[in-house]
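Hints are included, so try docking the two chains, each in its own frame, into the full complex.
Taken in sequence, the protein lines are chains A and B. For the first sequence, this note's numbering gives the first residue as 1132, with consecutive numbering after it. For the second sequence, this note's numbering gives the first residue as 3, with consecutive numbering after it.
Quick caveat, the hints were computed from the structure, so don't treat them as lab data. Mixed in with the good hints, there may be bad ones.
Cβ-to-Cβ under 7 Å is the rule here; a few derived chain B residues that face chain A [claimed, not checked]:
| id | residue |
| --- | --- |
| 1 | 32 |
| 2 | 61 |
| 3 | 63 |
| 4 | 68 |
Positions of the beta carbon are idealized from the N, C-alpha and C atoms, including for glycine.
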Amino acid sequence: MGEDGESPKINHSFLRDYVTEADVISTVEFNQTGDLLATGDKGGRVVIFQRETESKDESEELGESGEYNVYSTFQSHEPDFDYLKSLEIEEKINKIRWLPQQNAAHFLLSTNDKTIKLWKVSERDKRPEGYNLKDEEGRIKDISTVTSLRVPVLKPTDLMVEVRPRRIFANGHTYHVNSISVNSDGETYLSADDLRINMWHLDITDRSFNIVDIKPANMEDLTEVITAAEFHPQHCHLFVYSSSKGTLRLCDMRESALCDKHSKIFEEPEDPGNRSFFSEIISSVSDVKFSHSGRYLLTRDYLTVKVWDLNMEKGPVETYQVHEYLRSKLCSLYENDCIFDKFECVWNSTDSVIMTGAYNSFFRMFDRETGRGVTLEAWRESSKPRAVLRTRRIYTGGRRRRGDVGVDSLDFTKKILHMAWHPAENIIAIAATNNLYIFQDRVNAENL
Amino acid sequence: MFSKGTKRKFSDGDEEISDESLVGARVASSYSLQRQSLLDMSLIKLQLCHMLVEPNLCRSVLIANTVRQIQEEMTHDGSWHMVTEAFCGPGQSPSERLVATEVLCRSREQDAEPKLFSVISYEGCREEEVVADETLCSVSVSDTVSNVCLAGRVGQCWEKSELSGVERDEEALEDSRLDSGEDEEIDTEDGASTESPKTTGQVFGTFEIKNGSPGPDSALEELFSDVDTSYYDLDTMLTGMQSAPKMGPYDLLDSLAPSHSSPSIVSTPTCRSDLNELDHIMEIIVGS
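This is chain B alone, in the form it adopts within the complex (with noise of 0.2 Å):
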């Protein structure tokens, strides 16, 4: 289960220091390891709530909480970042449903330095950073080829209630993609959007990764296209209200684009999928 890294340290024959380092390492990252898997069965869990015909509203509840609690501990313990980071590295292998089990996958190469979480604030020159509102609503985390891979809340869309802040959430994602190194826009762009009705509420991560390298693509959409994020918004889930009941974003954009063939939710992801989503977002902000 541990890595190669950490085998290699018991050779050195610094053993006793390393050792204990090594059991707090251990146990931290068992910790965390087992945190997210929680955070990621609880999202599939709220995901499926949908599917159901009857969505059990205390339940719900519950489930939501508990994402809520793990992703305010996260933030606490700065480890938010590293389940953002994890995506940002090149060639990724196939990958599972599951999130964590990407993280799982792939060594810690980043650094312990911890960052700073706040709304408006710029990290300077890193490369990646990390934005996260004070709820957790969402996790942005911009490269400086900032491409489009994956946006949240393609469903919504079609939620009166949302149109404006997703087409606010659509706006980040143009400036991050015409002009990569003024990320600071989008922090205000976010730090504006958690003001919105819409965004604060959401209590769930919609995990907008905002992806470089054309590389990871066709990993990450493997990784998210699964993953409905149109379900982590509360109100629709609770009130067991959707303007398109028992239909997917896939479904949706299906109908609006039938020259691409759109997958079912629980189908082998494609990459055409998320540029389908690209083409209907641009569609929704070009107002066509």
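Extracted from the complex, chain A is given alone in its bound form (with noise of 0.2 Å):
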């Protein structure tokens, strides 16, 4: 800008709070080997962060590992509008998810409500140079200047990150996809709305394959609608999708064509001691995950995070409260539209730890092995570079410490509802609102 000294001082102190809907981290995820961190928002933007590899030698301390800093950043959706139903199409990104990696490039995959693209990552950090035909700015050479040939030769330049679309997967679904999960066949993915599963070759964008249907003959007799939907990690024909009911099904492609029947129906029944008005919503599972084994799936509803055994139907094997001091308010949830937030969950790298979200800020993480359960905050103010987060509680009775945080002090309108796990170190990302946390396990080298 130009001189301003005439001009008042602007008070820009406001804008540091504002935060933009766009803004809004809507999913998070890691690569296969953890080197990439992708992150999409409500404004339809994928941010990818990169992992710094510094050269390491016997001596260095684990805790120094690389830092995550911005690798590229594009956009991947752009708002569009259903001409047929009058109603906009949100160009917020539901879930990105990567595909192993083949060659140089990297791809992944990219969701808003209804359409799925897979996008090309690519470095070039050489560009060839001496042209016969083309000058150093690309214009066109006069013939007659041009007296001998030379063979252009490739120089290395600055890095620069392209991103490419390469396959648009569009018109698959009338309703919101809320689910991708790339098949470990590498060749097949499927995607989730509320009332459809699809399964897509990934080089074949105007045909898909239609796996479950739940839709009812009569959409007034719709009661149950798809949340979540996963490929088994190991197995390319098994895949598993959970209900607003709290049911997970794990169907099998090998059974039939249209797997609307299920090979397993994983549901734990009803507790009716806790029965109110809220049960079916507090059990609506709103994400789920096959641990890295294969063998357990990892659910999550509004008050608990449940562990299934594969082999076993009747119940989860694990169950683990993640704010049950919410039970006593869920009709103040209700009504202000919390109960309805789907909160993420992950595994650790050896599925021996659980994470989830939670609000105020706060996260949870559970140990497999203990049973125990710890209460991590997400927030700036607390969080400084470096520094080790410590563990936070919540008062529900008791003597109470300080630092202990009471239940009508939470903040509702601060949620982590999107994390990852790095795949093989104990790095996790936290999305909390517009910020991206990324913690690290520190490890003392001196105690190993």
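Structural data, given as structure tokens:
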């Protein structure tokens, strides 16, 4: 800007606190090696972070491993309009999934409510120089000025990251896409909306195969919707999907073309003591994840996370209370719509720890071996770089300690819905509204 | 919170006995009040669903299931009739938007006699009768002086699939108006209409309140005109398809009958809006 000596000082303080709706992060995902971390936001943008690889020598402390810096940013989806229904289609990125890397380029799938796109992320750090027919700026040379031939050579340039859409899988869904999952066969993936699940081939965009359809003949009979779906990590014929009634259905694609009939159904019988009008709503599964081993399932409903053994359908093998103190507040949470919040859940690399989000910028981690859980906070004011996260406590009675947070002082607008765990190391990425927090496990080299 | 009548009981001296019954009554009434307010909250949420650009199907289904659950429980309780009876009294104070508030403000005058719920049967000489179908789709209370005060489902008139259903209901309304004594016909009418695919499918209470006395009209209209019953249609809501998106019934009436001024959905209700609806319904029936 020019001289602004005469203009009054503009108070920018309000801008710091103002969060643009478009910047709210709506999905977080590590790639298979953990070197890349992708986030999608409500504005349809994808930001990819790359872990800085430092030269590691023997003496380097493990806690000093590379940081994540912005690698690339691109606009994945644009706001759209459905003319038939006169409804806007949000550009918010609902899910991102990375494909296993096959060559130098990286591929990821990103989806909004309706359209899935395959993006190719590639690096370019060389460029050809010395063309015969073009000059340095790319203009066509006058033929008469060319007196000799030369071979163009590749010269190193500054690193450029190019992101290009390679496939657009459109018009596959009538309802809102909530999940995508890449198959272990490396060729297909599934996309799930509220009532249907489709299977696509990564190379074919004009056709998809419907594998689950729970739409009733009469829409007025609709009582259950699909909330999440995922392929088994090893078996390419198995996938699971969760419903709003708290059931999980494991389907085997070898059984039939249309997998409306499940192979296994996982359902926990309702606890009659806890029954209320909200029982069904809080039993709705918001996220389902296979363990890395493929033997267990992790589900998140409103108040708990549950671990299920694929071999046992009658109930979960482990149940962890995320925020049981909210059970008495369900009516207020219903009123302010918080009861419909969809929290995600994740496994760590060895399937020994599970993690999920909560309110007030808190997130919870549960150690499966000890059964114990901790509450941690993702909040700028209390985390400085390299500071150790301290555990938090919610005061629910008994002796109140300093730092305990009362249930009534919880901020329900600060919700941790999206998160990811590095596939190999103890590094977690937590999305808190428009901020991304990356926490690393600091292991003291001396204690090893 | 408790009505004056309850307080007087203490001074009677039968404290112990009335204590227990009071406690029981308090618990029961507070539960039913909570349930009622939950029902109203849910219905308003469903109504608001329509105002969103992108209705969230999962949320709508969950709220709809909650509404159904409450209504089923209220049917079994026999307390469903209380809701409807509350509107049949004389001279009500200016009401707020929530139905629950209206119920709360009124003292319980009616008998505790439970009413039978059946689709077809007619309950004899009672002035008010309640008809509820299995899924608690529509509740209609007809009075001896049955004047149609509020007819639901106005906005749905424009849905092709529902036109026949609406006509059937409007016939019921007409019947009630013309032949107030023959409530049985209305029963059968409602009974027949429950078989129609449209009304059996209707999950939510389309509160068809047919009320007699002209006095409470304005209060009732104030109460209900904000509640856009067209949005109770599950099909419309869940698929997000509206033949006239973002237009409420009042906007439709506006285009039909320019002589009447129609309020917006959230503005102060007037008596005329329901008269507009009546005109509109009559037009459909007459086929003009």
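Tested hints:
Using the Cβ-Cβ criterion of 7 Å, the hint placing residue 32 of chain B at the interface with chain A is not satisfied: the shortest such distance is roughly 13 Å. For residue 61 of chain B, the suggested interface contact is upheld, since its CB lies about 5 Å from the closest CB of chain A, less than 7 Å. Satisfaction of the interface hint for residue 63 of chain B is found here, the shortest Cβ-Cβ separation to chain A being roughly 5 Å, below the 7 Å cut-off. This hint holds: residue 68 of chain B has a C-beta 6 Å from the nearest C-beta of chain A, less than the 7 Å allowed.
Hint compliance for this structure: hint 1 alone is broken.
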